[in-house]
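Q: The whole structure should be built from the sequences, with the hints applied where relevant.
In this text, residue positions in the sequence shown follow numbering that gives the first Met the number 0: the first is 0, and each later residue adds one.
Straight-line distance between alpha carbons at most 25 Å, and here's what the computed SDA-like set of lysine to any residue pairs gives:
| # | residue 1 | residue 2 |
| --- | --- | --- |
| 1 | K30 | R146 |
| 2 | K51 | A39 |
| 3 | K51 | L28 |
| 4 | K30 | R20 |
| 5 | K51 | A148 |
| 6 | K51 | R82 |
| 7 | K51 | F25 |
| 8 | K51 | T23 |
| 9 | K51 | S16 |
| 10 | K51 | E26 |
| 11 | K30 | G124 |
Per label pair, the in silico range of CB-to-CB distance:
| # | residue 1 | residue 2 | range |
| --- | --- | --- | --- |
| 12 | D97 | S393 | 50 to 60 Å |
| 13 | D97 | G328 | 36 to 46 Å |
| 14 | A253 | D85 | 27 to 37 Å |
| 15 | L192 | D85 | 42 to 52 Å |
| 16 | R56 | A333 | 35 to 45 Å |
Calculated directly from the structure, the hints in this document are not laboratory data.
For glycine and all other residues, C-beta sits at the position ideal for the given N, C-alpha and C.
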Amino acid sequence: MTTLPPEPDPVPVPPPSSHERVRTAFERLAKADRPGLWAAVRTMEEVLVEAKTVDERVHAGEDLPLAGTVCAADVDGPPVAARLTDAGAVLLGTTVPDPENTVVGLEIVDLVLNTSAREIAAPPGVISLKPTPGLIPGKTVSVSAHRLATGQRAVAAMLGSLDPAAREWPADVRLGAGQRPRLGIPDAASLPLPARRAFDVAAASLEASGAVLVPVDVSAVYGAGDALAARSLMAELEALLLPTVDVQEATLNALDLAAVTVPVDRRPYGITVVTRAFEDQIGLDLASVLTGEQSPDPYPSESIDVVVFGAHLCGQPLHDELHGARFGGLVRTAERYRMVLLSDVTPPQPGVIPGSAGVDGERWRLSPAAFGRFAAGLAAPFVLGRVELEDGSSPLAVLCEPEAAADGEGLDRYASWRGYLRFVSTGGPRFPG
Numbered sequence: 000m001t002t003l004p005p006e007p008d009p010v011p012v013p014p015p016s017s018h019e020r021v022r023t024a025f026e027r028l029a030k031a032d033r034p035g036l037w038a039a040v041r042t043m044e045e046v047l048v049e050a051k052t053v054d055e056r057v058h059a060g061e062d063l064p065l066a067g068t069v070c071a072a073d074v075d076g077p078p079v080a081a082r083l084t085d086a087g088a089v090l091l092g093t094t095v096p097d098p099e100n101t102v103v104g105l106e107i108v109d110l111v112l113n114t115s116a117r118e119i120a121a122p123p124g125v126i127s128l129k130p131t132p133g134l135i136p137g138k139t140v141s142v143s144a145h146r147l148a149t150g151q152r153a154v155a156a157m158l159g160s161l162d163p164a165a166r167e168w169p170a171d172v173r174l175g176a177g178q179r180p181r182l183g184i185p186d187a188a189s190l191p192l193p194a195r196r197a198f199d200v201a202a203a204s205l206e207a208s209g210a211v212l213v214p215v216d217v218s219a220v221y222g223a224g225d226a227l228a229a230r231s232l233m234a235e236l237e238a239l240l241l242p243t244v245d246v247q248e249a250t251l252n253a254l255d256l257a258a259v260t261v262p263v264d265r266r267p268y269g270i271t272v273v274t275r276a277f278e279d280q281i282g283l284d285l286a287s288v289l290t291g292e293q294s295p296d297p298y299p300s301e302s303i304d305v306v307v308f309g310a311h312l313c314g315q316p317l318h319d320e321l322h323g324a325r326f327g328g329l330v331r332t333a334e335r336y337r338m339v340l341l342s343d344v345t346p347p348q349p350g351v352i353p354g355s356a357g358v359d360g361e362r363w364r365l366s367p368a369a370f371g372r373f374a375a376g377l378a379a380p381f382v383l384g385r386v387e388l389e390d391g392s393s394p395l396a397v398l399c400e401p402e403a404a405a406d407g408e409g410l411d412r413y414a415s416w417r418g419y420l421r422f423v424s425t426g427g428p429r430f431p432g
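A: The structure is reproduced here in structure tokens:
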């Protein structure tokens with residue numbers, strides 16, 4: 000889940016050469032020999048020139064999230080597809096709208112854009128993202144790729160249009176699923192045996208990661224869909240976990256839902272994670288449990304970071320006051336703070352004040368509205384102020400008024416509040432009161 004610390008950042012790897020990727024794509028195109036797949040294919044010379052330009056931009060230091068990516072779009076592709084090339088992708092050609100073409104196309108390219116409403120499929124190795132309707136202006140778009148990160152970066156590149164018809168992220172959007180996300184699941188006994196096996200594998204993986212599986216009636220999101228019933232169903236859940244059998248994009252669009260579809264263990268059936276509108280990132284985070292990929296560039300990008308040290312830490316009593324925040328990593332302050340055990344504070348908490356030591360904490364990202372609620376509800380003696388971290392950055396943090404900590408017990412021997420709690424749990428001093 001998004002509340003768990005991510006894996007350590009890998010050593011940065013330069014993007015693959017766009018020039019080489021284009022040559023590989025044309026070799027695969029020739030071997031596939033599927034002229035019926037394509038409405039038009041650009042000349043190799045034209046595409047190689049663009050690929051060389053991308054490589055030169057990367058070499059010059061530009062950050063191109065889709066560098067080294069070769070893509071295709073169906074003939075009705077949206078105007079904002081041009082943003083993919085701005086982000087470093089190279090367009091091979093346009094495909095004839097057909098669900099099968101996505102599968103065949105991904106044997107040649109890295110990314111396929113679809114605009115035709117279709118039955119969602121999950122062939123081995125293919126991941127599909129259906130963003131919240133309207134976030135990408137124009138036609139409804141879904142993105143298919145071999146990797147979750149590639150699909151997510153493609154969607155992110157097409158967001159943020161100046162088109163007045165485009166929908167924007169609400170100020171109170173949730174950025175994370177929480178510590179124990181509730182996932183609605185159908186009665187798997189009614190599924191064909193291969194689909195049931197794939198579903199059981201996915202459900203078990205998500206449950207092991209901390210999700211709570213809730214059996215529900217999911218008929219509202221099948222067939223033509225029932226907007227009122229679907230809204231009521233989703234109100235108490237973070238997401239629906241559905242076997243990818245007869246899930247229609249047109250239905251999800253009509254119900255104003257987002258979805259991510261992933262294959263499971265190279266089985267012929269996959270899993271679709273369905274979320275409320277604008278909670279696309281929650282669906283991606285849940286899907287990442289199944290694919291083993293971390294979300295590289297979570298969206299929406301507008302957020303406010305807050306560092307916490309005590310009862311607002313993940314798993315601690317006041318964590319829910321962060322209102323759907325997203326975990327941003329473990330942090331440590333510069334060597335100019337100290338931690339003091341406060342008296343007359345419930346639940347027990349430390350106060351972080353000026354000193355001469357470092358304190359471990361957690362960084363959390365909140366939407367603007369969630370930050371406003373959190374700041375308004377923060378009770379004395381706690382205040383929001385800038386804290387200097389050992390990396391030199393100065394985010395907002397939950398600090399303490401120094402006067403309130405004057406009589407508190409110093410916790411200088413502990414690097415973190417969790418360290419003190421571990422000491423207490425093994426027979427150390429008990430909390431006062």
